[in-house]
Every structure is written in C-alpha cells, then in structure tokens.
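*Asks:* Residues per chain, in single letters:
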Amino acid sequence: MLAHSLNIITGHAGQISLGHAAFFGIGAYTSAMLYTGAGFPFWISVPMAAVVAGVVGALLGIPCLRVRDDFLAITTMGINFVVEAIFLYIPFFGGAMGIGGINLPKWFGREMTKPEYFILILAVFFLLILLDRRTGRSWIGLAWASIREDEQAAGAMGVDVVRFKVLAFILGSAIAGLAGGFYAHFLTFIMPQNFGFGQSIAVLSMVVFGGIGTRWGPIIGAIILGILPEVSRPIMEYRILIYGVLLLAMMRFQPGGLLGSESILPKVFRRTAYRLSSSE
Amino acid sequence: MALLEVAALSKEFDGLRALDGVSFTAEGGEILGIIGPNGAGKTTLFNLISGIYPSSAGEINFQGKSILGMKTHQISGLGIGRTFQIVRPFQNLDVETNVLVAFGHRFYPSLWKSTGPFRQPEIVKEVQKLIERAGLGPYAKQIAKSLPLGFKKRLEIARALALNPRLLLLDEPSAGLRFEESAQLMELIRQVRDQGIGVLLIEHNMQVVMDLCKRIVVLDHGSKIAEGSPEEIRSNPLVIQAYLGKEV
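Each protein sequence line maps, in turn, to chains A and B. Its first residue numbered 0, the first sequence is counted upward by one per residue in numbering that gives the first Met the number 0. Its first residue numbered 0, the second sequence is counted upward by one per residue in numbering that gives the first Met the number 0.
Honestly, the hints are just simulated from the structure, not real lab data. Treat the hints with care, as some may be off.
Residues from chain A that face chain B, not an exhaustive set, calculated with beta carbons under 7 Å [what the hints assert, rightly or not]:
#1 136
#2 137
#3 138
#4 141
#5 145
#6 148
#7 149
#8 152
#9 154
#10 155
#11 156
#12 157
#13 158
#14 159
Listed next, with one range per pair, are the computed distances between beta-carbon atoms [stated by the list, open to error]:
#15 A:50 to B:134: 48 to 56 Å
#16 A:117 to B:91: 35 to 43 Å
#17 B:204 to A:248: 46 to 54 Å
Yeah, the Cβ is synthetic: ideal placement off N, Cα and C, and Gly gets one too.
Using the sequences provided together with the hints, build the complete structure.
*Replies:* Right under this line is the structure:
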C-alpha cells in the first residue's frame, strides 16, 4: 500500500521522493496517539491519519516542489530525517521507546483477529486500486502524465503544473498516512526507527523493482521485496548485499521494472497470448 | 485593437541584456516573421510572451489585456499556443493523447471536473479532426518518440491548435526538415492563418520567411533593428550588416 502511494508521486507525476517513510510515520503516529492518547476508535483514528499526513504533505509539498529532480530528492530526504528526529527526541511522541498498546480494531463487539484485519486491509487496498484506475483515466491522470513527460510543455498546454504536483503529493502522502495507520494497528507498537530513511529507500526500491508508473508493478515489487527478507533469514548477514545486487541487476537489465513497458515479463506474456490465439 | 501588443519589452539574465526595449504588434490572420542572427533574443521573446520567464520591463497585451506576470498555463488558457525550437512532444504518450492534454484546459481549473475521464467521445472526435488536419491521421496511436522529426513538429502544432488559440508562436518550425517536409508544414501554417489565427514565426530559412510573411521584425543583440515588408527588409542596410557584418 505504501509502495502504491509512492507510485502516485514518483510514477504518475514523475517527482522523486526519498522521504516517503516520513508520511508513513506521520500516519502511524497520528493514528496511534489518537487511539491510545485521546481514546478515539480505530475507525476514526486511521482516516484521521490519512488526513493529517495529507495536510502535512501539502504544507511540505508546496515549498519542496519549487525544486526539481536531484534537489527534490535531497529535500524530501531531509524531511524524512527531521520527522524521524521529531518522533525520537520530543517526549510527547514517546521518544525512542515509541508508542505501545495500540490494539487491533473492534467490530461486532469483539476484537478483530489478525486474518480478519488482513482482509480489511486488502479490501481497502482494493478500493485504492480502483481509485487509482479511475484517476489514471481522468484529466488529473492525463495532467500528471504530461508533467512527467515535460513540465514546460505541459505548462504551455494549459496544465497548472504546480497545482497538479501538489495534488499528487497530497494524495500520495494521505495514502501513505492511511497505510501508516493500518501499520500501527497491525504492529500494536511503533517506534521512530520504523519510519527512517532506510524505510523510504526500501519503498522506493519496491516501486522501481516492480515497475515505476505501472499499476501492478509496485504491488509485485512490494510482495517480492517484502517476502525476500523473511525467506532469506538463514543468510541474514548478506541480506542487504543481495538486495543491492538485485537492484543493480534490475537497473542494468530491466530499467522499466518487472512490469515496465520494456520488460521481458509482459513481452513473454503477450507473445504467449499471441501464440495461443494464432494456434486456434 | 491589436491581437498582441508588445511594448518596450526587456529581459535581463544576470546583467546580460537578452532583450532590450522591443516593441511590435501582431494581428489575427497574419503571419509575422521574426528573424535575426543567433542569440538575437527571438526565443527569449517567445518565452516571455508564453510566460516561461518573467520579463524585466515592458508591456505585453493580448486582446487588450495585460498578460504580464501570468503563469504559463493561464496564458495558454487565454489562447496563446506555442511550439518549441527543439521539439517537445510528450514523448511516451501516443499522438492522440498528446493532443488530448491540450484539451484539458477546459477541465483542469475545476478539481471536480478534472476527476472525469479524459477519453470522451466528442473530444476524441475533435482530436481526430486536428490530427487529420495535421496529416497525422494514420499515426494517431503511435508513441510520439517513434515519429520522424517532421511529424513531431506537426504534432506540436496540432497540440497547440487544440488549445483553440487566437495566437500561435512557432519557433523554427522548418529547422532540420527536408524540403518536402518543410513545404507541407508551411501549407499547414498557411491554413492556420486563413482560419484567422495570428502567427508569430521565428525562422532561419529566409526563403520560407519571405514566402509566408507580409511583415517581418528583425532582432539583433536584443533590439529591434528593422520592421517591414520582405522587400524592405531585404534591402535594409542594417539587416544586411547584422547578418553579414560590417564592410571593412
């Protein structure tokens, strides 16, 4: 879900963000604090997480989007460090100890089981995919595509570049916040380290790995890169190394990602489909 | 009232005067040629009119209203379309989608409207008409970057026409084209003019300029050094000097 939200910013609108975990964290903390501190139920705290992350995304996005490319990457990276530091050093946020005691949501008068919760997340995620599909076919999606291709030309064609960039940033941040809220309730315990720069890089890797700008790519990337560390537990020490080699190999051989337009997977798929249809 | 009125327009880049007090007017249904040696400030002039750079001093009025300080997208929304010296289609989108982007200016301003799907039958029909007119009919579904240069240039014009402009800024449309390609492009530009749209044409190919334009403005080192009919420009000593240098 987080990978998917970054795909909106980087994949659709072409803006690089290296600080996505910050919004993920903001969502998780908002939800956790509303839940444990203010006593709001899950069903309010999680949507609030999306709203708060979206608002912060807007506030931070407006100055950030004045810079481009490499500078944007560094600025967003900075945001990530600042947000992590705020969580870590301000006692209000629980400091290094994090926040605990976040429970799974209740429904029908009892607490949800983990599988039930997982299904809920899948359902929400499914809705988000539908939303993404719709957005992709809308004028907003078209405007994003034009900005990704050529900002100046997009402006000359009547696209309000700044507005649509901020919109992508808000939407991406809000969904990251939503993901953060779900994440907090899943882990039941959060701490600042969960939302550091490393997490941002991991998420960006998922998006790049699966296929930037594609709908299913980030999901596949997230599944593979999410499971990989678990599977490779026996070779724990080399995990990061393998990660790196994998990404390098992707960059070298499949720069569009697994599901990118230049990738072999869809090509093989199309060829098989063609063969099947012609053999009939 | 002139369609476009530029008065005492100047632009400085860190102390370098790229444009120095340039004034002229342009009318609808007329092709105004803008010529001058390299670095004369022609493209800078276009970038000022289309709002890509802010100007340092002067006035730009479009249909009697000042467009100074407006953003690029607002200016294009008012009806000033442009092409780029180095072609800039949306490379990874197909021809049809490229043109569709320019139709969006009717929808983008409203957040609610812009959530609607962009492939609406009546708009696609209009897009196809424009593509047809630009001679790109058979290539509607081709990705822009796979087109030859001449087609890309026509695509850029089609895209600019989709804004339903009153004024079109064309930056060296014939540069890099073969003779036939360039001739086809000129025919398209003539059609645009006959439709009543004003055209500002930056061009290095004198043959083309003399052919198409009734009036020509000559820039050199950021200043206007001459204005007049092709005949007047051809015999103007200042222009000859700017292009060929002073006799020793």
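*Asks:* When the hints from earlier in the document are held up against this structure, which numbers fail?
*Replies:* none
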